[in-house]
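A.B. asks: Sequence:
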Amino acid sequence: MIIESKRDLSELLHECCDDVSLFETAEESKSKDRIVYYPYQSEDVDASDLDYERIDTYQIDFYSVTPLPESYKAFRTKARELGIRPTFYHEFNRQDRIYHTYCAVQVKGYE
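Taking the numbering used here, the leading residue of the sequence shown gets 1, the next gets one more, and so forth.
Just so you know, the hints here were simulated from the structure itself, not pulled from any lab data.
Any given hint might turn out to be false.
[Unchecked claim] For lysine-lysine, the following DSS-like pairs were computed, each having C-alpha atoms within a straight-line distance of at most 25 Å:
| id | residue 1 | residue 2 |
| --- | --- | --- |
| 1 | Lys78 | Lys6 |
| 2 | Lys108 | Lys78 |
| 3 | Lys6 | Lys73 |
| 4 | Lys6 | Lys108 |
| 5 | Lys73 | Lys32 |
| 6 | Lys78 | Lys32 |
| 7 | Lys73 | Lys108 |
[To be verified] Have a look at the derived ranges for each label pair, beta carbon to beta carbon:
| id | residue 1 | residue 2 | range |
| --- | --- | --- | --- |
| 8 | Arg54 | Glu11 | 15 to 23 Å |
| 9 | Gln95 | Glu43 | 29 to 37 Å |
| 10 | Pro67 | Tyr38 | 20 to 28 Å |
| 11 | Glu15 | Phe92 | 22 to 30 Å |
| 12 | Thr66 | Val45 | 36 to 44 Å |
| 13 | Asp46 | Glu91 | 34 to 42 Å |
| 14 | Asp96 | Ile55 | 29 to 37 Å |
Glycine included, every Cβ here is placed at the ideal spot set by N, Cα and C.
The task is simple: from the sequences and hints, build the whole structure.
C.D. replies: In structure tokens:
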């Protein structure tokens with residue numbers, strides 16, 4: 001399922017975590033639980049006979065000092081309720097001692 005707008009994605013993420021940033025780098029995310037998200041792919045698709053719309057794919061990163069943070073669990077639950085079932089990846093950065101979970105979701109983008 002595709003999320004209807006960037007605003008809807010932002011609202012969904014803010015429901016899951018108090019610390020949400022668009023485009024903030026991982027370097028700034030090392031010491032606390034937070035969500036960082038950003039678009040990394042845009043695709044034009046036919047919307048009707050005359051119009052086009054764009055589908056943007058966003059990466060959503062969950063950073064935490066503990067594995068499987070509450071922000072990830074809340075997002076996963078809310079996404080399931082909306083019929084969105086992304087694949088999640090989990091890793092641990094030994095050097096920084098930070099857990100990182102990430103996934104991708106699609107969002108309708110309009111020019």
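A.B. asks: State for each hint whether it applies.
C.D. replies: Now the hints, each set against the structure:
1. Lys78 x Lys6: holds, 16 Å
2. Lys108 x Lys78: With Cα atoms ~18 Å apart, Lys108 and Lys78 stay inside 25 Å; holds.
3. Lys6 x Lys73: Holds, at about 21 Å.
4. Lys6 x Lys108: holds, 7 Å
5. Lys73 x Lys32: Holds, at about 16 Å.
6. Lys78 x Lys32: holds, 22 Å
7. Lys73 x Lys108: Holds. Lys73 to Lys108 sits at ~24 Å (cutoff 25 Å).
8. Arg54 x Glu11: 15 to 23 Å: Between Arg54 and Glu11, where Cβ atoms are some 20 Å apart, the hint holds.
9. Gln95 x Glu43: 29 to 37 Å: holds, 35 Å
10. Pro67 x Tyr38: 20 to 28 Å: holds, 23 Å
11. Glu15 x Phe92: 22 to 30 Å: holds, 26 Å
12. Thr66 x Val45: 36 to 44 Å: holds, 39 Å
13. Asp46 x Glu91: 34 to 42 Å: At 37 Å between Cβs, range holds.
14. Asp96 x Ile55: 29 to 37 Å: holds, 33 Å
Checked against the numbered hints listed earlier, the structure breaks none of them; every hint is satisfied.
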